[in-house]
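One letter stands for each residue in the lines below.
Protein chains: 2
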Amino acid sequence: MENDEVILLDFWPSMFGMRVRVALAEKAIEYEYKEEDLFSSKSPTLLKMNPIHKKIPVLIHNGKPVCESFVVVEYIDEVWKDKAPLLPSDPYERSQARFWASYTDKLYDFGRRIWTVKREEFVEGKKDLIDPLKLLEEAALGDKPYFGGESFGFVDIALIGFYSWFYTYETICNFSIEAECPKIAAWGKRCMKRESVSKSLADSRKIYEVIIEFRKKNGLE
Amino acid sequence: MENDEVILLDFWPSMFGMRVRVALAEKAIEYEYKEEDLFSSKSPTLLKMNPIHKKIPVLIHNGKPVCESFVVVEYIDEVWKDKAPLLPSDPYERSQARFWASYTDKLYDFGRRIWTVKREEFVEGKKDLIDPLKLLEEAALGDKPYFGGESFGFVDIALIGFYSWFYTYETICNFSIEAECPKIAAWGKRCMKRESVSKSLADSRKIYEVIIEFRKKNGLE
Numbered sequence: 001m002e003n004d005e006v007i008l009l010d011f012w013p014s015m016f017g018m019r020v021r022v023a024l025a026e027k028a029i030e031y032e033y034k035e036e037d038l039f040s041s042k043s044p045t046l047l048k049m050n051p052i053h054k055k056i057p058v059l060i061h062n063g064k065p066v067c068e069s070f071v072v073v074e075y076i077d078e079v080w081k082d083k084a085p086l087l088p089s090d091p092y093e094r095s096q097a098r099f100w101a102s103y104t105d106k107l108y109d110f111g112r113r114i115w116t117v118k119r120e121e122f123v124e125g126k127k128d129l130i131d132p133l134k135l136l137e138e139a140a141l142g143d144k145p146y147f148g149g150e151s152f153g154f155v156d157i158a159l160i161g162f163y164s165w166f167y168t169y170e171t172i173c174n175f176s177i178e179a180e181c182p183k184i185a186a187w188g189k190r191c192m193k194r195e196s197v198s199k200s201l202a203d204s205r206k207i208y209e210v211i212i213e214f215r216k217k218n219g220l221e
Numbered sequence: 001m002e003n004d005e006v007i008l009l010d011f012w013p014s015m016f017g018m019r020v021r022v023a024l025a026e027k028a029i030e031y032e033y034k035e036e037d038l039f040s041s042k043s044p045t046l047l048k049m050n051p052i053h054k055k056i057p058v059l060i061h062n063g064k065p066v067c068e069s070f071v072v073v074e075y076i077d078e079v080w081k082d083k084a085p086l087l088p089s090d091p092y093e094r095s096q097a098r099f100w101a102s103y104t105d106k107l108y109d110f111g112r113r114i115w116t117v118k119r120e121e122f123v124e125g126k127k128d129l130i131d132p133l134k135l136l137e138e139a140a141l142g143d144k145p146y147f148g149g150e151s152f153g154f155v156d157i158a159l160i161g162f163y164s165w166f167y168t169y170e171t172i173c174n175f176s177i178e179a180e181c182p183k184i185a186a187w188g189k190r191c192m193k194r195e196s197v198s199k200s201l202a203d204s205r206k207i208y209e210v211i212i213e214f215r216k217k218n219g220l221e
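One line per chain: the protein sequences are A and B, in this order.
Residue 32 in the UniProt record's numbering sits at position 32 of the first sequence, and the numbers go up by one each step.
Residue 179 in the UniProt record's numbering sits at position 179 of the second sequence, and the numbers go up by one each step.
Here chain A stands alone, though its shape is the one from the complex (with noise of 0.2 Å):
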């Protein structure tokens, strides 16, 4: 694998693409990151190699692409599969990591709204992701250090992008992540000391300028 040509099609604030980013820094795989500049168009590049979703995360392994984010994970599990495992060995909790990890996508519908609706509407929509967060943080985290147990994993890389939204949502919707689920926010906290989140996560500021810069241009603010 040392001649391996890896190849990211990513854009930064993505929480699907910091996935990716999080599991190839989990498995020290170095890569080209391709950043696609979605304010504006999509690459022929990306039109090539995701002609069905035209989205990103793509990883492109020597020539073949890779899409939608859950799939290049656990692609890259199986492919690195030496180091850092991230998905368990054993088949129940596979299927509960894998369970967990589809049901972060549901964090997505509240945050898809940013982009189209005025601040009070996006506010007034707020539980739809207090809700997931407590249930997320009841029946899958709960005194656990990580969403598997002792070792960073699957639903840990799924979850760990929108954190970095988490500051975007709060400021907007004035209201702290922390004081309704304490536990994810000390599980975020933990996984930020990781050096293959720290790095590879969109900075929680910047992701908040170009949104309030956005909804200002949209007529939204």
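Keep in mind that the hints were calculated from the coordinates and are not lab data.
Be a bit skeptical, because a hint or two may be false.
What the hints assert, rightly or not - Each computed DSBU-like pair below joins lysine-lysine, with the alpha-carbon atoms no more than 35 Å apart:
#1 K83/A <-> K183/B
#2 K189/A <-> K27/A
#3 K144/A <-> K217/B
#4 K64/A <-> K183/B
#5 K118/A <-> K27/A
#6 K83/B <-> K127/A
#7 K118/A <-> K106/B
#8 K64/A <-> K206/B
#9 K64/B <-> K126/A
#10 K83/B <-> K106/B
#11 K27/A <-> K144/A
#12 K81/A <-> K106/B
#13 K64/B <-> K193/B
#14 K83/B <-> K217/B
#15 K54/A <-> K83/A
#16 K48/A <-> K199/B
#17 K42/B <-> K83/B
#18 K193/B <-> K106/A
Claimed, not checked - Here are a few chain A residues that sit away from chain B, every Cβ distance over 10 Å (derived from the structure):
#19 T45
#20 E68
#21 F70
#22 E74
#23 E78
#24 P91
#25 Y108
#26 K127
#27 Y146
#28 I172
#29 K199
#30 D203
#31 I211
Values in this document were obtained by computation on a predicted structure and should not be read as measured data.
The beta carbon of each residue, even a glycine, is placed where N, CA and C say it ideally should be.
Assemble chain B onto chain A, guided by the hints.
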């Protein structure tokens, strides 16, 4: 695994439940089928075994529940790994199978309207069925007998439940899927020759009858 207790909570017309039924049949796993009558109410067992989504299918293996159809099918493939592999062994081929399997869920965007919209609106939306089917035909199936090539597998299982609904869609919309997507139609007939499929799928006519009855009762016809 001979003394394993395997129970499936399911609802006979569910295309998601059919995925699990076919996977169990491919692996020749004996199990107890427990029907959830979702036209009336959800059983205490279902609410206990899938408290998060409260949806079928749920596979209960030695008392422990696994939820979400793709998670269940992968679980089955991993636990009963010695017989009839459903996912390919090569990581890249696995990634492509997961990608296309997940893509088949797009068909449900069209299908769910059958419960809620008038006939005209349903017919108008038929491109939401045809377009993804054509794409599956051209980009994923091609001239192969099955989606994975020579052997029946994960993507076939993902799509086959929808096949049993084609008659209902065609009859309500008054069109022919075979005329639009001849290779998909031939693929469906090919799959139906497998006992694992023909014995697991709901009867197409029976689906049509209950759907028409439901639609009449709800003022949609």
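Comparing the hints with the structure gives:
The straight-line distance between the Cα atoms of K83/A and K183/B is roughly 42 Å, outside the 35 Å bound, and the hint therefore fails. Under the criterion of a C-alpha separation no larger than 35 Å, the hint pairing K189/A with K27/A is consistent with the structure, at around 21 Å. A distance of roughly 50 Å separates the Cα atoms of K144/A and K217/B; the hinted pair therefore is violated under the 35 Å criterion. At most 35 Å may separate the alpha-carbon atoms for a hinted pair to count; K64/A and K183/B meet this at roughly 26 Å.
A threshold of 35 Å between alpha carbons decides the hint, and for K118/A with K27/A the separation of about 41 Å lies outside it, so the pair is violated. The suggested pairing of K83/B with K127/A is violated, with an alpha-carbon distance near 45 Å, which exceeds 35 Å. For the given pair, K118/A sits about 29 Å from K106/B by alpha-carbon distance, which is consistent with the 35 Å threshold. The hinted pair formed by K64/A and K206/B fails the criterion: a straight-line CA distance of about 44 Å is larger than 35 Å.
In summary, the hint linking K64/B to K126/A is supported, as the alpha carbons are separated by about 33 Å, within the 35 Å threshold. Using a Cα cut-off of 35 Å, the hinted pair K83/B and K106/B holds, with the two alpha carbons roughly 30 Å apart. A hinted pair counts as satisfied when its Cα atoms are at most 35 Å apart, and K27/A with K144/A qualifies at roughly 23 Å. Simply put, K81/A and K106/B have alpha-carbon atoms about 31 Å apart, close enough for the 35 Å limit, and the pair holds.
The hinted pair formed by K64/B and K193/B meets the criterion: a straight-line CA distance of about 33 Å does not exceed 35 Å. Using a Cα cut-off of 35 Å, the hinted pair K83/B and K217/B is violated, with the two alpha carbons roughly 45 Å apart. Taking the CA atoms of K54/A and K83/A, the gap is about 31 Å. The hint holds against a cut of 35 Å. For the hint linking K48/A to K199/B, the alpha-carbon distance of about 41 Å lies beyond 35 Å, and the restraint is violated.
With a C-alpha separation of about 34 Å, the suggested pairing of K42/B with K83/B holds against the 35 Å cut-off. Annotation: proposed proximity of K193/B to K106/A is violated, straight-line Cα distance about 38 Å (limit 35 Å). The beta carbon of T45/A sits about 18 Å from the closest Cβ of chain B, which is more than 10 Å, so the claim that it is off the interface holds. Once the 10 Å rule is applied to beta carbons, E68/A is inconsistent with being away from chain B; the minimum gap is 6 Å.
Not every Cβ of chain B is farther than 10 Å from the Cβ of F70/A; the closest lies at roughly 8 Å, contradicting the non-interface assignment. A beta-carbon of chain B is positioned within 10 Å of the beta-carbon of E74/A; the least distance is around 7 Å. The claim that E78/A lies off the interface is violated: its Cβ sits roughly 4 Å from the closest Cβ of chain B, which falls inside the 10 Å cut-off. Consistency note on P91/A: stated as away from chain B, yet its beta-carbon is not over 10 Å from all of that chain's, at 4 Å minimum.
The Cβ of Y108/A sits about 15 Å from the closest Cβ of chain B, beyond the 10 Å cut-off, so the non-interface label holds. At roughly 17 Å from the closest C-beta of chain B, the C-beta of K127/A stays outside 10 Å, upholding its exclusion from the interface. Against chain B, the non-interface label of Y146/A holds: every CB pair exceeds 10 Å, the least being about 19 Å. Chain B leaves I172/A outside its interface by the beta-carbon criterion, the shortest separation being 28 Å against a cut-off of 10 Å.
The beta carbon of K199/A sits about 25 Å from the closest Cβ of chain B, which is more than 10 Å, so the claim that it is off the interface holds. Annotated as non-interface, D203/A keeps its C-beta farther than 10 Å from every C-beta of chain B; the closest such distance is 30 Å. With a least CB separation of 28 Å from chain B, I211/A remains clear of the 10 Å interface cut-off, as annotated.
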